[in-house]
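Trainee: Listed below are the residues making up each chain.
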Amino acid sequence: MDTGLPCIHCGLCLHSCPTYRELGSEADSPRGRIYLMEAIEAGEQEFDAPARAHLEGCLSCKACETACPSGVDFSARMDKFRPRLAAAHRLAPGRRAALLVTRFPLLLKIAARTARLLDLLGLERLRRLLPGLGLMPGRKRKLRASGLTIGSPGKRSSGLRVALLQGCVGNAVAPGITRDAREVLERNGIAVVDVAGQGCCGALYAHSGDRERAAELASHNVRLLDAAGLDHVVTTVAGCGAFMREYDSLLAHDNLLSGAAQRLAGATRDVSELLVEAGFDPPMHPLTDIGPVAYHDACHLLHGCSVAEQPRIITRAAVGREPLELAESELCCGSAGSYNLEQPSMAARLGRRKAAALGASEASVLAVGNVGCILQIEMHARRAGIDAELLHPVELLARAYREGPSPAAASSRLSKIRRR
Amino acid sequence: MSNPPLDAGLVTRLRRMLGEEGLLTGEAALRVYECDGYTLEKARPSLVLLPATTQEMSRSVELLHKAGIAFVPRGAGTGVSGGCLPADIPVMIGTSRMQRIRRVDIDNRRVEVEAGVVNLDVTRLVESDGLHYAPDPSSQAACTIGGNVAENSGGPHTLKYGVTVNHLLGLELVLPDGEVLQLSREAGSGGFDLAGVVTGSEGTLGIITSATLALVKTPQAVATMLAVFPGVLEASRAVSAIIAAGLVPAALEMMDALVIEAVEAAYGFGFPADAGAVLIIELDGLAAALDEQCVQVTEACNEQGASEIRRADDPRERALLWKSRKRAFGAMGRLSPSYCTQDGVVPRSALPQIVERIGEIGRRYKLRIANIMHAGDGNIHPLLLYDENDPEEVARVLDAGRDILLACLELGGSVTGEHGIGIEKTELMPASFGPATLAAMADLREVFNPRALCNPHKILPSDRHCVEVTRPRPRGGG
Numbered sequence: 001m002d003t004g005l006p007c008i009h010c011g012l013c014l015h016s017c018p019t020y021r022e023l024g025s026e027a028d029s030p031r032g033r034i035y036l037m038e039a040i041e042a043g044e045q046e047f048d049a050p051a052r053a054h055l056e057g058c059l060s061c062k063a064c065e066t067a068c069p070s071g072v073d074f075s076a077r078m079d080k081f082r083p084r085l086a087a088a089h090r091l092a093p094g095r096r097a098a099l100l101v102t103r104f105p106l107l108l109k110i111a112a113r114t115a116r117l118l119d120l121l122g123l124e125r126l127r128r129l130l131p132g133l134g135l136m137p138g139r140k141r142k143l144r145a146s147g148l149t150i151g152s153p154g155k156r157s158s159g160l161r162v163a164l165l166q167g168c169v170g171n172a173v174a175p176g177i178t179r180d181a182r183e184v185l186e187r188n189g190i191a192v193v194d195v196a197g198q199g200c201c202g203a204l205y206a207h208s209g210d211r212e213r214a215a216e217l218a219s220h221n222v223r224l225l226d227a228a229g230l231d232h233v234v235t236t237v238a239g240c241g242a243f244m245r246e247y248d249s250l251l252a253h254d255n256l257l258s259g260a261a262q263r264l265a266g267a268t269r270d271v272s273e274l275l276v277e278a279g280f281d282p283p284m285h286p287l288t289d290i291g292p293v294a295y296h297d298a299c300h301l302l303h304g305c306s307v308a309e310q311p312r313i314i315t316r317a318a319v320g321r322e323p324l325e326l327a328e329s330e331l332c333c334g335s336a337g338s339y340n341l342e343q344p345s346m347a348a349r350l351g352r353r354k355a356a357a358l359g360a361s362e363a364s365v366l367a368v369g370n371v372g373c374i375l376q377i378e379m380h381a382r383r384a385g386i387d388a389e390l391l392h393p394v395e396l397l398a399r400a401y402r403e404g405p406s407p408a409a410a411s412s413r414l415s416k417i418r419r420r
Numbered sequence: 421m422s423n424p425p426l427d428a429g430l431v432t433r434l435r436r437m438l439g440e441e442g443l444l445t446g447e448a449a450l451r452v453y454e455c456d457g458y459t460l461e462k463a464r465p466s467l468v469l470l471p472a473t474t475q476e477m478s479r480s481v482e483l484l485h486k487a488g489i490a491f492v493p494r495g496a497g498t499g500v501s502g503g504c505l506p507a508d509i510p511v512m513i514g515t516s517r518m519q520r521i522r523r524v525d526i527d528n529r530r531v532e533v534e535a536g537v538v539n540l541d542v543t544r545l546v547e548s549d550g551l552h553y554a555p556d557p558s559s560q561a562a563c564t565i566g567g568n569v570a571e572n573s574g575g576p577h578t579l580k581y582g583v584t585v586n587h588l589l590g591l592e593l594v595l596p597d598g599e600v601l602q603l604s605r606e607a608g609s610g611g612f613d614l615a616g617v618v619t620g621s622e623g624t625l626g627i628i629t630s631a632t633l634a635l636v637k638t639p640q641a642v643a644t645m646l647a648v649f650p651g652v653l654e655a656s657r658a659v660s661a662i663i664a665a666g667l668v669p670a671a672l673e674m675m676d677a678l679v680i681e682a683v684e685a686a687y688g689f690g691f692p693a694d695a696g697a698v699l700i701i702e703l704d705g706l707a708a709a710l711d712e713q714c715v716q717v718t719e720a721c722n723e724q725g726a727s728e729i730r731r732a733d734d735p736r737e738r739a740l741l742w743k744s745r746k747r748a749f750g751a752m753g754r755l756s757p758s759y760c761t762q763d764g765v766v767p768r769s770a771l772p773q774i775v776e777r778i779g780e781i782g783r784r785y786k787l788r789i790a791n792i793m794h795a796g797d798g799n800i801h802p803l804l805l806y807d808e809n810d811p812e813e814v815a816r817v818l819d820a821g822r823d824i825l826l827a828c829l830e831l832g833g834s835v836t837g838e839h840g841i842g843i844e845k846t847e848l849m850p851a852s853f854g855p856a857t858l859a860a861m862a863d864l865r866e867v868f869n870p871r872a873l874c875n876p877h878k879i880l881p882s883d884r885h886c887v888e889v890t891r892p893r894p895r896g897g898g
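Order-wise, the sequence lines are chains S and C. Read in the working numbering, the first sequence has 200 at position 200, and its numbers run on one by one without any break. Counting from 1 along the second sequence, just add 420 to a position and that's the residue number in the working numbering.
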């Protein structure tokens, strides 16, 4: 595996690293982790429990790669090292649970419904404190398709044929996002093809050091999606999208699949990216009455795919104004794949930090292009008593398409203004 | 090389006060503290303390002072002269957990922040009020205010705005015995300017725990220009011509062909492939005046043989141009596995001579040397490229670096513009200052730091310089 250019120890990555920001200890920074890995590889440093802890603390958020002036591919170095971490001891229970869920998404659906039931009984505050269930989405996020279809089918066909990646976890927990993405794409003349039998993209396995299993899962998806004759594969989950863009290097040595993997990696788009690329209809009636709206960068969109502008364009079109920026927007919320299950204490610290930034922004809606971040930030916001609604930008756009202000809504808005 | 272990009772007391996260022990946690951005020499501390408040800092220092144990402060470890190298210093004290913003006073254009606050975050804090913190070292996205004050850091915009000391209104300093001083230097404070004395003292007079900083109004308009020259000599002459025309650019930076090659590979700005040198010229002020000044700059550059001059009007293009410049050091990794950044100063008029001398030295030692310069104030940064797995080449790099700095002295300049003396340049101090001046400096240090417990062996030459010079190690890349 190509691990890129050497680290020159300049330290410019430090402030970008969430764990360094929390702990202030350089062994918990990218520079420190690289230094440790090099010393372990050189046989100078024992691969002991403290060394493992510093390395396992990494969120793989890739913020250091954006900060690095030398072009060090930190993720590649970390991924190369992960099998050693995995071999050193059994996987943390949290990660095992997360991997189990990728095989049996039904478990997640059950958890999500249990959570909803508890919320209906008025027990959300309590439920938010529970492990696992605390992360499940709240009552505001509908589990079933609403049955509404988006207003007037807009413009002519774009001629594009795409498939939506049925992200295993994302789709089970927040099927509304996938549904809205589909409707928004179709509304803009992009044909969405059903490709049955898709599996997990493999990212969670790769990040657990099991590159073989990740490659198996990737191969399955590559075969399936490449055969479907698509222009693009569209993701609504940042982590999956970032990992699929690495399919080419993951499967580079597979003589049969390397070509298809390269095609698929090149054809992967985030939903906001494709909408901006192909052109989309701005909604006739943007959601101007939903209070202040902020946008938060999901790490794997910002640092993993360099997608920062497009979700803001979508959000701006949906709400009719420039979204606010959160303080420390570039800092990971602590969700990070299955990190919040494996390293609950650091994940919670980062979650609280993000919730505090959300509270300080006074936004009533936070748009985030990744379901993992949505769940994590929502949980910590609720625990902190912050009632902001968390939505994927594409959900906001779908809502704007659907909800042109009806006369009734317009009059109720008027009455609100009068009351003031 | 490691320092000896510490008394267990003392460590226990410190841990009780600072908590588990405030005290680091063990090989895995300490290893990275062996060096900062200057990697030629290494030494590992036995203990790292990360106090979170001034009180914790003061108590920690007091305990160490009582026990007679030497300590060295560290900010973000982005320094490049080994100023926080723990050579014969058992304890390192980091400011990374001192993160509070103590006061934001927009009306009086000042902020008070703790030592661990990052330079760029100060500007982020006040930019919506049309203000910014002017000193902008290339590492500003990571380096901390405490470190900036200790090094009296500069940056590309110092030509017009000055360095850290010109923006410093006050300091909180923990003396090497633990006592806390509040040092104000706002107008009318009276007394000696002790905060000024501490600025640039590289952690040898005490540990800075907070600083009050002056903010500058963000200019109404900015014009950033790029001028391309056939070589460094022509570009150096253009620098003098611009200043002679009576202009004070906000920044006036030069990059030579090797640097351009590296940053082009890294950021793809679109520098012409055959450029021998480029100048980045930034003018700021009232919008109405800028067009005329741009014409003057263009004329000065054309007279010195510029092959192309363009103005980056698009903010995105301007940002990319500055990114190319500010991250140029890091981009050098694309040309060479290691490099050593030198830092020297010559009078602006002597830029053509020093460029020629650097060329000669490179040829003599068979080294590739790239040049970045804050050309406006004669501050040169030759980058000596080498491979650290080649000990013989490392030796040539050290010799060539010394020769370049001696050439700076000969031309009437100095051995450091902004990176400090640290541990790297102590041996050059006798060549830079007369014995009486050096003795006065030693006396000053004696007043603040009588037992030489706070960052010993730095700045002034010392006979105890016992560190491990880096030895070759396989690289992780590949």
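Don't take every hint at face value.
[Unchecked claim] Quick list of in silico lysine to aspartate or glutamate cross-link-like pairs, EDC-like style, CA-CA up to 20 Å:
(1) C:Lys743 - S:Glu330
(2) C:Lys486 - C:Glu461
(3) S:Lys80 - S:Glu22
(4) C:Lys462 - S:Glu216
(5) S:Lys80 - S:Glu309
(6) C:Lys462 - C:Asp427
(7) C:Lys743 - S:Glu309
(8) S:Lys80 - S:Asp281
(9) C:Lys462 - S:Glu309
(10) C:Lys743 - C:Asp733
(11) C:Lys743 - S:Asp73
(12) C:Lys462 - S:Glu46
(13) C:Lys743 - S:Glu124
(14) C:Lys486 - C:Glu606
(15) C:Lys462 - S:Glu330
(16) C:Lys637 - C:Asp508
Rather than coming from a laboratory, the hints here were simulated on the basis of the structure.
Trainee: Now tell me if each hint is right for this structure.
Mentor: Hint check:
no., hint, result
1, C:Lys743 - S:Glu330, "18 Å, holds"
2, C:Lys486 - C:Glu461, "29 Å, violated"
3, S:Lys80 - S:Glu22, "26 Å, violated"
4, C:Lys462 - S:Glu216, "44 Å, violated"
5, S:Lys80 - S:Glu309, "31 Å, violated"
6, C:Lys462 - C:Asp427, "23 Å, violated"
7, C:Lys743 - S:Glu309, "19 Å, holds"
8, S:Lys80 - S:Asp281, "44 Å, violated"
9, C:Lys462 - S:Glu309, "43 Å, violated"
10, C:Lys743 - C:Asp733, "15 Å, holds"
11, C:Lys743 - S:Asp73, "19 Å, holds"
12, C:Lys462 - S:Glu46, "19 Å, holds"
13, C:Lys743 - S:Glu124, "47 Å, violated"
14, C:Lys486 - C:Glu606, "34 Å, violated"
15, C:Lys462 - S:Glu330, "33 Å, violated"
16, C:Lys637 - C:Asp508, "44 Å, violated"
Against the hints set out earlier in the document, violations occur for numbers 2, 3, 4, 5, 6, 8, 9, 13, 14, 15 and 16.
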